[in-house]
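Asks: Each chain, letter by letter, is given below.
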Amino acid sequence: MDYNWDFASVFVYWNVLAMGLWATFKLFIICSTLGLGGGLFMGMLRYSKTRWISYPAMLYVEVFRNTPVLVQIIWFFFALPVVTGIEVSPMMAAVLGITLNTIAFSAEVFRGGIQSIEREQWEAGKAIGMSYAQSMRRVILPQALKRMLPPLTSRGIEVFKMSTLASVVAYPETLQQAKLIASYEYNPIEAYTVVALMFFIVLLPLVQLTYMLERRFGKSDA
Amino acid sequence: MVVEIVRERLLYEWDFVATLADMDLLLLGLWNTIQVFFLALVFGVPLGLGLALGRMSRILVLSQLCSFIIEFFRTTPPLVQLFWFFFALPILISVQMTPFVASVLTFSIQSSAFFAEIFRGGINSIDKGQWEAAKAIGMTRKSSLTRIILPQAVKRMIPAFAERSIELLKTTTLISTVSYADLMFQANELASKNFRPLEVYTVVAIMYFFLILTFSQLTIRLEYRLAKTGEGTLR
Amino acid sequence: MTNAVEIRGLRKSFSDLEVLKGIDLDVAEGEAVVLLGSSGSGKSTLLRCINFMEEPTAGQIRLNGDLIGTEQGGRMRYHEADLCKLRTRIGMVFQHFNLFPHMTVLENVMEGQTIVLGRSKAEAKDKAMTQLLRVGLEMKAEEYPARLSGGQKQRVAIARALAMDPEVMLFDEVTSALDPELVGEVLKTMLQLAEDGMTMVCVTHEIGFAYHVANKVCFLHDGLILEQGAPQFVLQTPETQRVRDFLAGHSLFKLPN
Chain A
69 MDYNWDFASV
79 FVYWNVLAMG
89 LWATFKLFII
99 CSTLGLGGGL
109 FMGMLRYSKT
119 RWISYPAMLY
129 VEVFRNTPVL
139 VQIIWFFFAL
149 PVVTGIEVSP
159 MMAAVLGITL
169 NTIAFSAEVF
179 RGGIQSIERE
189 QWEAGKAIGM
199 SYAQSMRRVI
209 LPQALKRMLP
219 PLTSRGIEVF
229 KMSTLASVVA
239 YPETLQQAKL
249 IASYEYNPIE
259 AYTVVALMFF
269 IVLLPLVQLT
279 YMLERRFGKS
289 DA
Chain B
7 MVVEIVRERL
17 LYEWDFVATL
27 ADMDLLLLGL
37 WNTIQVFFLA
47 LVFGVPLGLG
57 LALGRMSRIL
67 VLSQLCSFII
77 EFFRTTPPLV
87 QLFWFFFALP
97 ILISVQMTPF
107 VASVLTFSIQ
117 SSAFFAEIFR
127 GGINSIDKGQ
137 WEAAKAIGMT
147 RKSSLTRIIL
157 PQAVKRMIPA
167 FAERSIELLK
177 TTTLISTVSY
187 ADLMFQANEL
197 ASKNFRPLEV
207 YTVVAIMYFF
217 LILTFSQLTI
227 RLEYRLAKTG
237 EGTLR
Chain C
90 MTNAVEIRGL
100 RKSFSDLEVL
110 KGIDLDVAEG
120 EAVVLLGSSG
130 SGKSTLLRCI
140 NFMEEPTAGQ
150 IRLNGDLIGT
160 EQGGRMRYHE
170 ADLCKLRTRI
180 GMVFQHFNLF
190 PHMTVLENVM
200 EGQTIVLGRS
210 KAEAKDKAMT
220 QLLRVGLEMK
230 AEEYPARLSG
240 GQKQRVAIAR
250 ALAMDPEVML
260 FDEVTSALDP
270 ELVGEVLKTM
280 LQLAEDGMTM
290 VCVTHEIGFA
300 YHVANKVCFL
310 HDGLILEQGA
320 PQFVLQTPET
330 QRVRDFLAGH
340 SLFKLPN
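Residue numbers (my numbering), protein chains in the order written: chain A, 69 to 290; chain B, 7 to 241; chain C, 90 to 346.
Note that these hints are calculated values from the structure, not bench results. Positions of the beta carbon are idealized from the N, C-alpha and C atoms, including for glycine. Treat the hints with caution; some may be incorrect.
Stated by the list, open to error - Short, incomplete list of chain B residues facing chain A, as computed with Cβ under 7 angstroms:
(1) Pro-83
(2) Phe-89
(3) Ile-97
(4) Arg-147
(5) Ser-149
(6) Leu-151
(7) Val-209
(8) Tyr-214
(9) Phe-215
Unchecked claim - Ranges of calculated distance between the beta carbons of each label pair, as one might list FRET restraints:
(10) Leu-272(A) / Gln-330(C): 45 to 53 angstroms
(11) Ser-131(B) / Ala-211(C): 32 to 40 angstroms
(12) Pro-165(B) / Leu-127(A): 17 to 25 angstroms
Next up, chain A with everything else stripped away, as it sits in the complex (with noise of 0.2 angstroms):
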């Protein structure tokens, strides 16, 4: 354990690591705000009454669910461009990837939220007169935001945490430039244990928020 570590040999990359960790940021913010939003709407499909709507919004929440993202990403960067023939770039195939698949999740989310709501809530809507719709917006739905909250953050970890998956098709993110500085370098150990304690800074304020809202609001789905 006589290791001599060199951090040195890391942060004089500190742009490149920068540049990394911007691109990390984006492709978190894109497929979070997409992946959430569409998880939404996917996750009221899958709620449907109707048969044609339902159905195959859950057959598309088990498909993503039950394959890896790692395989989605990789088919979406090889495979897709032999259907279409349209060129897919690494970006748009990690955040293809990406975002399917939180969208797949946070319905389940979604649904297991309105699920959560005790049957009593919606029988004491309609008692004082109230229609689905309105005991769905007034009653049901405040409540069920509070519990998919914490969830949903955990969602949002992952996707972050995701995001190195990106490194695997070349686009450059914090783990993909930590790569490089590696190989330039031959200092694995300081490169990755610097990415590493990156994500553990980035993510521990946000894993202490989840705790805080599961303890506010209790009652997690996920």
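With the hints as your guide, set chains B and C onto chain A.
Replies: Quick look at chains B and C alone, frame taken from chain A:
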């Protein structure tokens, strides 16, 4: 011009023959995937229980150490961990590291952090009265935990457990990046050999889909059988 | 003759809040004592201090003459192992039964005997069946708690405590979570125990039970015993306005005789 290209593409002739002819390659990859998955579960679950108990311990140092380990492995991307264990650790302790060992090591520890939180959630979900009843008949904390609390908690944890195991199974695809011959890696190899990425990756996606579906069906059945005494489950 | 339970100068605080402010109480062998008082008066905490579910902040407790804990520098020190042993000598029944849902009724009643007292399976089973017979539930031995009514659950909980051969039994609002028509069967079981000469300390809101069964009633208010004595005195000719108000609230509506 554009219309022509689109038409040509839509008429793309799927040809699974080349892929299916090399199915043994993919099956070998599947077997390797299952091996890593299984070993990571075998090591990860007990380790997770240990971390959970450590985190709930009254000894402050132990509790904080376990909290740190759990949070660290939950907040760092598994791919970064894998690279660290594969590229960095061998230099640090100067041992030979194979992709297989690095994979099992990474995913055992990584999943143990998540299992720890499931254990903790399960144990905390048990009514305080159960601890009290055990205490009142003179049980020590240890036997209260093993005889009264854990048997009830484990039952409730099964759905969360299954969910996490499925995550683990999907995460094992990452080991292809350190050249371990799992299903994903074999797919890459095959695709570069037969130039049929569309067919290869589609087949592989379907294989993963059914592997995961089988696993989740198994756990649903298990949950159903254990739900006999009519208690809720924790998700 | 030594008392079954002897409490001197008992104090208990939860962080800043002092819940018990110096309690002295004697429970003679074979006596049934009922603790009354409004919520927040400290009666449940007092009960829970007797078997050290809560560790007292100050004061001394003796069980059949044995001082619990060791005195060190003017303070009592308690070791978990000693407390575990003590709790086997005191039975406790809870408001919410707290039966172990993953065990059958019989296993519930055997658990403490085998795991804590180290009795053989056969002996534990024998004792368990005797106690289940006593509470009238021997035919439910193989059922899981989920299949029992609230009253039956509570009687199993009583049997579970009795199977340890306790010197004292503690009852913590054991009928408060029950449907009204199930209260009777549990109170009857407790009456039977009192008549068998079991030493009992009960926290309850059943004034009628206190009147008919208790040898002594203690009224707690604000962490102190405000009045204590035979039920006829405390319940029928209370000395303080506080007790009169409490009793009035409990008997606002009565069926005509």
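Asks: Against this structure, judge whether each hint is valid.
Replies: We went through each hint and held it up to the structure:
no.: 1; hint: Pro-83; result: holds, 4 angstroms
no.: 2; hint: Phe-89; result: holds, 5 angstroms
no.: 3; hint: Ile-97; result: holds, 6 angstroms
no.: 4; hint: Arg-147; result: violated, 24 angstroms
no.: 5; hint: Ser-149; result: violated, 30 angstroms
no.: 6; hint: Leu-151; result: violated, 23 angstroms
no.: 7; hint: Val-209; result: violated, 11 angstroms
no.: 8; hint: Tyr-214; result: holds, 5 angstroms
no.: 9; hint: Phe-215; result: holds, 5 angstroms
no.: 10; hint: Leu-272(A) / Gln-330(C): 45 to 53 angstroms; result: violated, 58 angstroms
no.: 11; hint: Ser-131(B) / Ala-211(C): 32 to 40 angstroms; result: holds, 36 angstroms
no.: 12; hint: Pro-165(B) / Leu-127(A): 17 to 25 angstroms; result: holds, 22 angstroms
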